[in-house]
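Asks: All chains should be modelled from the sequences, with the hints used to inform the complete structure.
Chains as they are written, first to last, in the working numbering: chain A, 16 to 438; chain B, 16 to 438.
If you are wondering where the hints come from, they were derived from the structure by calculation, not from laboratory data.
Warning: the hint list may mix true and false statements.
Copies of one chain are not kept apart here, so a pair can be met inside one copy or by any two copies together.
[Claimed, not checked] Using 30 Å as the maximum straight-line C-alpha spacing, the simulated BS3-like pairs for lysine-lysine come out as follows: (1) K403 / K33; (2) K376 / K36; (3) K197 / K344; (4) K376 / K244; (5) K225 / K22; (6) K201 / K344; (7) K344 / K196; (8) K86 / K213; (9) K197 / K231; (10) K213 / K244; (11) K33 / K205; (12) K33 / K344.
Number of protein chains: 2
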Amino acid sequence: MAKTYEKMWRELGMDVEKHCKLLSALTVAYSDIYLSQIYRPEGTGYLDFVVSEAHGLRIEELINAKKDGKKIIGSFCLYVPEEIIIALGAIGVGLCGGIDFEPENVHSFTGSRNICPLIQSFMGFKLSGVCPYFEAADLLVGETTCDGKKKIYERLNELQETYVVNLPPNCSSDTGYEYFKKEMGKLIHKLEDLTGNKLTAENLASGIEKVNQKRKTIEKLYSFRKNKKVPISGKDVLLVSQLAFYEDIDRFNEKIGELNEEIESSGKYIPGSESMKRIMITGTPMALPNWKIHHIAESTDEAVVVCEETCTGTRYFENSFSATGDMDKDLNNVFRHYSSINCACFTPNPERIDDIIRLAKEYSADGVIVNNLLFCTDYALENSIVEKRLNEAGIPALRLETDYSVSDTETIKTRIEAFIETL
Amino acid sequence: MAKTYEKMWRELGMDVEKHCKLLSALTVAYSDIYLSQIYRPEGTGYLDFVVSEAHGLRIEELINAKKDGKKIIGSFCLYVPEEIIIALGAIGVGLCGGIDFEPENVHSFTGSRNICPLIQSFMGFKLSGVCPYFEAADLLVGETTCDGKKKIYERLNELQETYVVNLPPNCSSDTGYEYFKKEMGKLIHKLEDLTGNKLTAENLASGIEKVNQKRKTIEKLYSFRKNKKVPISGKDVLLVSQLAFYEDIDRFNEKIGELNEEIESSGKYIPGSESMKRIMITGTPMALPNWKIHHIAESTDEAVVVCEETCTGTRYFENSFSATGDMDKDLNNVFRHYSSINCACFTPNPERIDDIIRLAKEYSADGVIVNNLLFCTDYALENSIVEKRLNEAGIPALRLETDYSVSDTETIKTRIEAFIETL
Numbered sequence: 016m017a018k019t020y021e022k023m024w025r026e027l028g029m030d031v032e033k034h035c036k037l038l039s040a041l042t043v044a045y046s047d048i049y050l051s052q053i054y055r056p057e058g059t060g061y062l063d064f065v066v067s068e069a070h071g072l073r074i075e076e077l078i079n080a081k082k083d084g085k086k087i088i089g090s091f092c093l094y095v096p097e098e099i100i101i102a103l104g105a106i107g108v109g110l111c112g113g114i115d116f117e118p119e120n121v122h123s124f125t126g127s128r129n130i131c132p133l134i135q136s137f138m139g140f141k142l143s144g145v146c147p148y149f150e151a152a153d154l155l156v157g158e159t160t161c162d163g164k165k166k167i168y169e170r171l172n173e174l175q176e177t178y179v180v181n182l183p184p185n186c187s188s189d190t191g192y193e194y195f196k197k198e199m200g201k202l203i204h205k206l207e208d209l210t211g212n213k214l215t216a217e218n219l220a221s222g223i224e225k226v227n228q229k230r231k232t233i234e235k236l237y238s239f240r241k242n243k244k245v246p247i248s249g250k251d252v253l254l255v256s257q258l259a260f261y262e263d264i265d266r267f268n269e270k271i272g273e274l275n276e277e278i279e280s281s282g283k284y285i286p287g288s289e290s291m292k293r294i295m296i297t298g299t300p301m302a303l304p305n306w307k308i309h310h311i312a313e314s315t316d317e318a319v320v321v322c323e324e325t326c327t328g329t330r331y332f333e334n335s336f337s338a339t340g341d342m343d344k345d346l347n348n349v350f351r352h353y354s355s356i357n358c359a360c361f362t363p364n365p366e367r368i369d370d371i372i373r374l375a376k377e378y379s380a381d382g383v384i385v386n387n388l389l390f391c392t393d394y395a396l397e398n399s400i401v402e403k404r405l406n407e408a409g410i411p412a413l414r415l416e417t418d419y420s421v422s423d424t425e426t427i428k429t430r431i432e433a434f435i436e437t438l
Numbered sequence: 016m017a018k019t020y021e022k023m024w025r026e027l028g029m030d031v032e033k034h035c036k037l038l039s040a041l042t043v044a045y046s047d048i049y050l051s052q053i054y055r056p057e058g059t060g061y062l063d064f065v066v067s068e069a070h071g072l073r074i075e076e077l078i079n080a081k082k083d084g085k086k087i088i089g090s091f092c093l094y095v096p097e098e099i100i101i102a103l104g105a106i107g108v109g110l111c112g113g114i115d116f117e118p119e120n121v122h123s124f125t126g127s128r129n130i131c132p133l134i135q136s137f138m139g140f141k142l143s144g145v146c147p148y149f150e151a152a153d154l155l156v157g158e159t160t161c162d163g164k165k166k167i168y169e170r171l172n173e174l175q176e177t178y179v180v181n182l183p184p185n186c187s188s189d190t191g192y193e194y195f196k197k198e199m200g201k202l203i204h205k206l207e208d209l210t211g212n213k214l215t216a217e218n219l220a221s222g223i224e225k226v227n228q229k230r231k232t233i234e235k236l237y238s239f240r241k242n243k244k245v246p247i248s249g250k251d252v253l254l255v256s257q258l259a260f261y262e263d264i265d266r267f268n269e270k271i272g273e274l275n276e277e278i279e280s281s282g283k284y285i286p287g288s289e290s291m292k293r294i295m296i297t298g299t300p301m302a303l304p305n306w307k308i309h310h311i312a313e314s315t316d317e318a319v320v321v322c323e324e325t326c327t328g329t330r331y332f333e334n335s336f337s338a339t340g341d342m343d344k345d346l347n348n349v350f351r352h353y354s355s356i357n358c359a360c361f362t363p364n365p366e367r368i369d370d371i372i373r374l375a376k377e378y379s380a381d382g383v384i385v386n387n388l389l390f391c392t393d394y395a396l397e398n399s400i401v402e403k404r405l406n407e408a409g410i411p412a413l414r415l416e417t418d419y420s421v422s423d424t425e426t427i428k429t430r431i432e433a434f435i436e437t438l
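Replies: This is the structure:
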């Protein structure tokens with residue numbers, strides 16, 4: 016791939032040499048973690064394709080779309096409604112993260128070392144010029160889900176235009192929801208100005224339907240994990256959710272739809288999965304290519320991850336909704352959907368804990384890994400409530416805190432192995 | 016003191032033995048840090064009195080007030096308007112913090128170690144039962160200024176009723192201000208319910224006037240620090256601001272007023288202060304008894320702290336305002352005042368940086384210590400902008416990150432001494 020796209024990367028202003036090293040490392044990691052699995056549905060070939068072309072063909076597609084006048088919106092979080100981006104003829108993409116890249120640049124830029132790995136990662140990508148999604152984006156849209164993101168966007172904005180969606184501490188209260196709607200209204204105006212298009216009942220309905228189909232497709236894939244014989248590994252499903260942030264939505268819906276059909280018709284499953292321990296993971300989102308906990312858990316060959324209550328899991332697809340064609344109703348449904356995502360950034364957030372208990376039952380989890388990214392205060396503190404509630408419900412829980420480095424891999428491995436043995 | 020008040024502490028449900036040890040340690044620290052100074056105005060005897068009776072006479076006063084039907088409101092932050100608490104016939108007090116107390120209890124309660132020292136401190140006080148302000152309070156009022164406080168209040172509420180004021184990420188925007196006013200309205204209803212009193216034009220005006228007088232009194236004290244011959248140490252003024260959160264407001268206004276008169280009429284000053292380096296400190300608030308940076312800087316005998324741009328400094332008293340007697344106008348002035356405090360929890364927050372540059376000039380600072388409490392992400396990231404802007408303005412800056420422990424005292428000392436030498 017490197018040869019074919021080098022010119023494109025240079026034209027994007029990227030550091031091609033550093034980027035080459037990054038891609039080589041990722042190729043090796045992907046091969047070790049994904050291609051070595053004992054069983055994968057054939058349809059996962061699509062995932063391999065998307066990963067291999069994530070910085071190549073996909074970027075070429077984005078650049079071609081830009082030539083056709085489409086705008087590229089980069090974001091980091093679920094709180095930037097893809098329905099509206101699509102409705103306005105723009106393309107929403109996730110930005111790079113999930114791996115440490117030249118963290119020393121970030122430390123020197125911010126003067127701080129106690130930064131969450133996700134922020135450290137995306138700032139490292141941006142500062143080093145190795146993320147084509149950043150460089151292809153016409154606008155970055157951030158949100159105030161945590162102190163770290165809220166404040167780093169002020170610095171990121173020095174490097175590339177970053178619009179921030181303000182979120183209240185409680186979206187589901189009357190005052191919080193009113194505020195949220197108004198902030199969403201401001202975002203819509205900003206995107207209308209950028210794209211030169213107006214939100215209409217028709218384009219909104221079309222955006223909602225595409226995203227609805229994506230959510231339903233992922234939901235269907237998740238449903239197969241409820242079976243005793245599990246047809247797809249946790250890390251492959253995690254990858255599906257991660258790629259949903261970057262991929263062309265029509266191709267994604269088609270190809271994951273085919274994967275679902277294959278799973279449904281083939282009746283194949285991971286050999287021995289019926290006697291493996293069923294693990295659910297809850298906590299902070301796992302940005303591509305952060306596969307650490309899944310890989311450690313599933314490499315024991317004694318466990319399979321069957322559900323993720325995260326923003327790269329159930330929070331991404333649950334509570335899907337269709338278009339009505341009525342602009343006010345549809346907009347309100349969009350706002351209601353996003354304001355109901357149970358992120359730990361809200362207070363209080365008992366709905367997330369109810370979800371965890373419900374999902375643990377729905378997916379017949381033997382145990383729950385309550386995971387946190389280092390320095391993520393929202394989840395660190397909320398997870399203390401999660402752990403307590405799981406204990407009260409008699410569901411075994413293992414609380415972890417980790418980052419993107421390999422320095423704690425052995426410790427985490429030992430703890431997960433010990434946890435699985437107790438189940 | 017211990018003997019006289021032991022019964023009262025027991026009746027409050029405190030752990031008297033642990034509390035005794037705490038008071039002994041604080042008495043020694045206070046003597047070392049405050050009583051050893053080469054020059055203090057006589058009026059600082061009042062500060063010694065307030066400190067010595069902070070857990071004694073003052074608590075007795077609060078308990079007597081409770082017997083008279085008054086309610087005690089404990090809080091941690093400027094965003095809980097004292098004007099309204101006073102108007103409703105209640106008493107607002109700060110809660111304990113500023114020192115590590117049995118942090119292992121907090122780690123075991125939260126399962127997390129990366130917690131800001133302030134939160135770790137107040138939770139340590141609460142869990143160990145050694146803070147009479149917690150135990151005397153009828154209601155705790157928190158706020159969502161940072162992820163840590165926002166989420167820990169969910170846990171604190173398990174131990175003692177905690178009402179949370181929700182703050183938007185940007186109070187000064189149109190949507191943010193509307194939301195802020197509504198959240199303040201909810202707080203007023205809560206406090207009206209608790210006290211059984213209604214907010215009226217009269218009691219609000221009276222509350223505003225008392226608080227206005229307090230702000231003006233501290234502002235006047237600060238004004239003397241602008242003189243070349245500095246009449247009072249930075250740590251004594253810091254203590255004044257800290258005690259303002261706990262003390263009876265009438266006595267405080269009277270006694271600090273007398274201190275101001277003494278300074279104005281005596282013409283006395285800290286010997287040699289005219290040739291000392293003038294240090295300003297900006298950053299996170301310093302909760303009583305956190306005197307670390309001031310003490311280290313002033314113990315060099317080559318520097319005097321002349322200004323604090325913190326919530327225990329200029330943010331506490333600037334932009335004071337009088338009552339108009341018109342309820343709507345007065346309420347709006349209260350809301351405007353609080354929504355204009357330039358905490359790093361807001362985004363963007365350029366007003367704080369403008370303030371720092373302005374204050375450095377007003378107080379003729381030779382250098383600015385840009386200070387942060389460990390794990391405070393809001394200030395850590397904003398301080399990178401502060402540092403940059405100070406550099407651009409040609410004002411020497413030293414960026415520090417520390418906690419309440421003594422483990423880094425020598426390192427901090429070396430860095431501050433080296434900084435002062437360069438000025």
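Asks: All hints, please: hold or fail.
Replies: A quick look at each hint next to the structure:
no. : hint        : result
1   : K403 / K33  : between (45 Å within a copy, 28 Å between copies)
2   : K376 / K36  : neither (43 Å within a copy, 49 Å between copies)
3   : K197 / K344 : both (16 Å within a copy, 26 Å between copies)
4   : K376 / K244 : within (16 Å within a copy, 71 Å between copies)
5   : K225 / K22  : neither (33 Å within a copy, 69 Å between copies)
6   : K201 / K344 : both (18 Å within a copy, 29 Å between copies)
7   : K344 / K196 : both (13 Å within a copy, 28 Å between copies)
8   : K86 / K213  : within (14 Å within a copy, 54 Å between copies)
9   : K197 / K231 : within (28 Å within a copy, 38 Å between copies)
10  : K213 / K244 : neither (48 Å within a copy, 64 Å between copies)
11  : K33 / K205  : neither (34 Å within a copy, 57 Å between copies)
12  : K33 / K344  : neither (48 Å within a copy, 60 Å between copies)
When held up to the earlier numbered hints, the structure conflicts with 2, 5, 10, 11, 12 and fits the remainder.
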